[in-house]
Amino acid sequence: MTVIVARGLERRFGSKRVLAGIDLDVPEGAFVVVTGPNGSGKTTLLSLCAGLLAPTKGTLDVRAERRELGYLAHEPLVYRELTALENLELYGRLYRVPERRERIGMLLERFSLWDTRHERVSTFSRGMAQRLAFCRVLLHEPRLLLLDEPYSALDAEASELVDAELRALAAERTVVVSTHDPERLAALATARLALA
Amino acid sequence: MTYLADVAALAKKDLLLELRSRDTLPAMLLFVVSTLVVFHFSLPSGSSDIAAAGLLWVAIVFTALLGLTRAFVAEREQRLMDGLVLAPCDRSAIWLAKGLSIVVFLLLAEVVALPAYALFFEPVSGQMVAGILLADLGIASVGTLLAAMAAASRARELLLPLLFLPLAIPVIVGGVGASVADDPARYLGFLGLYDLIFAILSWASFEYVVTE
Amino acid sequence: MTTAEKYVTAAYLVVLAVILLYVVIYTFKLQRLEREIAELAELAQRKKAA
Amino acid sequence: MSLRNNRLGVLALAAAALLLAGVALAFYWAPEDADQGFSQRIFYIHVSVALTAYASFGWAAWKALRLLWRRDERYDLESYTAVHVGVMFGVLTLVTGSIWARISWGVWWSWGERQLVLFLVLFLFYSAYFMLRYSTEPGPRRARMSAVYALFGVVLIPISFLAIRLAENFIHPVVFTREGPQMSGSMFFTFCVCLAGTLALAGSLYANELLGKRLDERLRDLREALA
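Chains as they are written, first to last, in this note's numbering: chain H, 1 to 196; chain Z, 1001 to 1212; chain F, 2001 to 2050; chain E, 3001 to 3227.
Worth flagging that the hints you see were computed from the coordinates, not collected in a lab.
Any given hint could be a false lead.
Think about it this way: if two alpha-carbon atoms lie no more than 27 angstroms apart in a straight line, the pair counts; the simulated DSSO-like pairs of lysine-lysine are [claimed, not checked]:
(1) H:Lys16 / H:Lys57
(2) F:Lys2047 / H:Lys57
(3) E:Lys3213 / H:Lys57
(4) F:Lys2029 / H:Lys16
(5) H:Lys16 / F:Lys2048
(6) H:Lys16 / E:Lys3213
(7) F:Lys2047 / H:Lys16
(8) E:Lys3213 / F:Lys2006
Selected chain E positions facing chain H (Cβ under 10 angstroms, derived; list incomplete) [as the list claims (entries may be wrong)]:
(9) Ala3034
(10) Glu3137
(11) Glu3168
(12) Glu3224
Since we're looking at a predicted model, the values are computed, not measured.
Glycine residues also receive a C-beta, built at the ideal position from the N, C-alpha and C atoms.
Generate the whole structure from the sequences, applying the supplied hints.
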């Protein structure tokens, strides 16, 4: 069963055409690596798959409910004035995560944010915020993961953490990840998409 | 039931954010009182009470505008609207939660404004308070939707007043009427009608304003 | 013409004036479109020749 | 395209013919009004233009609803053009209305004239519509927001009319009002011709402008294809 089907997908911002004629098939359990220079439309493609943007032309069919979809954007999408725990508490409620407290505790532990769980995100470093974003994305155990340059602003240690996480995810989830460093994910990739 | 749970979670977040940053509420409280003081000096000495009632309403509407301009600032600056829109909850819950927090801010501002008004101008009548409560609902429901629209555009501080004021004219007419007329029933009824129609319209169209 | 007649004719003339203004604006727009089409035709020619 | 141009031509011709006939009837054929005399003849154009403005705003809201319902970008342009035509006729209503106030009561503006005040509110409202469009990026998001705003506009018309009527008895004591003049048969006929003329005019301006905007779009696609 394919999770994402795109035919002749195009997206235009005003008069500038960012994506044109994209055909894509992402089967269940695939690990698709999207590459391309800045401005080639990687983020636009992921936003389209996440349902945040509507295609200007062509068709895009994403067979995953919002409940089954996790989207890691450039921004962590967490409230800076709230603490890590409060942010995950909010998303946990909105995504109706069962045993919310245990799940949040486990994720904070795994991404070594447990000690700073009561601190505001505004005090977090870029790397810590990115790790919190990962917690947000994985909180509701989504079937489909859309990760927009997950390694950006991460130090070596955090990058290894992400590597381990992606290896675990690749096994049982469908993943579409955009990156500037395709070699790092070469082992896991089942398909590649190079945007001009 | 989960719809109300979503609204509760989102409203809690909005109030918590305000408690943490403490920038919208204090500004609204100070703004409404200073506006009344400015009006005192701008009025000819023998200002009739009708003018005074009108000025209270202008102060309330512009204080609401101040609060509404701040309504989606977090969602916009950190692109958090994407995070909320991605959640499986009904998007109108975002509108209802934000609207409720705006009503709370307005009520708190009015708790300060009405005694000041009674002090500066003339006593506050029961019918005026009823008018204010009904108007707050209308202002919050339409204002929240317009604030979301303005948040998605470039010149949002400029745009929101332009979008909001024409729609606020009926609220001002109903409000001032309720405050001043000898039989306020007609005006309170009109405010109720406005609230009902525009709350439903805003509730139904919010989804189209925040998604593509 | 009484002042009333002057005003009434003025009202009707205003409507006419707005229509004429609209037509004038539209002729400018058509000229611009024509120029753009000429540009594109020439661009197409150059592309075909290349 | 050619078939449509013929229809456009026919519509424009009909508008011209009807308007000419209407003006002629209004000036020469319609009977003199008992108390207002000649100045009553402004009634025909003023009310026709006002009703046409309402029709245009209604048409814009209808297209907006279609856009929200069917997600077809085509309706955005149509709703936008209809609002543009509506605002043009709204301005004409304000101008002819204030001229009429000038003749009847010697003032260029009268808060007592409900329709005039309503068009002032609508003018403010729909000017903000253009501000909204100019300050957002073209795309599906702008289309949907404009559509929602256009829907609010058409709901605001009756609400504001009610508010203005309510406002009359305490804020602005009504000095002079005028119930719609009782129209004799021939007056009504003249009015209908004028109204048909202004509606046809609005239709042809709308279709014309829409054609222009479609050409712009196709030219842009062409330029992109050739780039």
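Each hint tested on the structure:
1. H:Lys16 / H:Lys57: 14 angstroms, holds
2. F:Lys2047 / H:Lys57: Given that 27 angstroms is the threshold and the Cα spacing comes to 26 angstroms, the pair holds.
3. E:Lys3213 / H:Lys57: At roughly 19 angstroms apart (the allowed maximum being 27 angstroms), Lys57 (chain H) and Lys3213 (chain E) satisfy the hint.
4. F:Lys2029 / H:Lys16: Holds, because 23 angstroms separates the two Cα atoms, which is no more than 27 angstroms.
5. H:Lys16 / F:Lys2048: 24 angstroms, holds
6. H:Lys16 / E:Lys3213: 18 angstroms, holds
7. F:Lys2047 / H:Lys16: With a Cα-Cα distance of about 21 angstroms, the restraint between Lys2047 (chain F) and Lys16 (chain H) holds, given a limit of 27 angstroms.
8. E:Lys3213 / F:Lys2006: 38 angstroms, violated
9. Ala3034: Violated, about 59 angstroms.
10. Glu3137: 6 angstroms, holds
11. Glu3168: 46 angstroms, violated
12. Glu3224: Status holds, d = 7 angstroms.
Comparing the model with each earlier hint shows violations of hints 8, 9 and 11; every other hint is respected.
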